[in-house]
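Counting the sequence shown from 1 gives a position; my numbering is that position plus 1238.
In case anyone wonders, no lab produced these hints; they're calculated from the structure.
No more than 27 Å apart at the CA atoms, straight line, and that leaves these computed lysine-lysine pairs for DSS-like:
(1) K1448 <-> K1378
(2) K1494 <-> K1509
(3) K1460 <-> K1439
(4) K1261 <-> K1448
(5) K1290 <-> K1261
Since the structure is predicted, the reported quantities are computational estimates derived from the model, not experimental observations.
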Amino acid sequence: GKILEEKAINKTRKSISDLMDIKPEYANLKKGDEIEIVEPSEVKVGDIVVVKQGEKIPLDGVVVKGTASLNTASLTGESKPQDVDENDIVLSGSIVLEGLLEIKVTEKYENSTVSKILELVENATDKKAKTETFVNKAAKIYTPIVIGIAILVGIFLPLISNVTYGGENGSIYRALIFLVISCPCAIAISVPLCYFSGIGKSSKEGILIKGSDYLDELKDVKEIVFDKTGTLTKGQFGISKIEVYSDKYVENDVLKYVVWGESYSNHPIAKSIVRNAKNVETKKVENYEE
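Can you make the complete structure from the sequences, with help from the hints?
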C-alpha cells in the first residue's frame, strides 16, 4: 500500500513539474566581473544573478539593473507580458522575453515561488480527508486482529475439532481463506489511492489541490470563481480577423508584410502572428534590429 501511495505521489509531483515547466535548471551567478553557472540551490540570499533573454528567473529577488519584459503566464495565468525595471520584485519561474536583468536574490531556493508550488504535493499528503484518516486508523487495529484470528484458526482448530492441518479442508487452508476474505487491502489501499490519483489527475489538467480533504469539500461547492485568462481561455494570442482598408491590397498581402516586420521579434504578439501565418516566407528579411 505504501509503495503504491509513494508512486502516486511521485507521479503527481512529476505532473505538476511538467505542467508548470517553471523549474529553473541553472543560475548565472555574478562574481565580480565573471559569470558562473551554478545550481539554483547554491545561490545565497544577497547574491546577484544575471538572467538573459529566453532564460527562466531562478530565484525570487529584486531587479538591481536592467529592464525586461517577462512571461509570467505559468505563475499568474496572465498572457500579457509584464514589464519590469529597477527595484521591481520578480518571481522565480518567470521567463525573460526581452532584455537582460541583474537580480539581487531575496529568498533561498527552497523558499522560492517555484519550490512552494512544487511542494504542494508533499503538503497534499499531510492534509488527509476524514474518510482517509478513519480508514488508516481502523486498518491499524483491524489488520492485527485478522492476522491473529488466522493464526488461531491455523494452529488451534485441529486441537478442538476433527479438522487436520493439511489437505483442502485443513486448518491451514481455512486460515488462508479467512485471510483472503478478511484482508483490509481493498479499503486500506483503495481509499488513499483514490485521493492521490484524484490529486494527480487534477494536476495534469492544471488544477492544483492542496490536500485530500479539499476533494471531499468539492461536493458542497455551489459557485466557482475563475481567473479567465489561462484558465477558461488558453492565454495565447492568435489572428482572428484581418481587415483591409485599401483596394490596393488583399488580406494575404497585409499578412505577408506584417509577418515580415515581426518575423524576428521575441514579443508574444509578434510570435503569435508568425505562428499563425505558416505559409509566409520570412527569409526575405535581411537586416533587423529590436
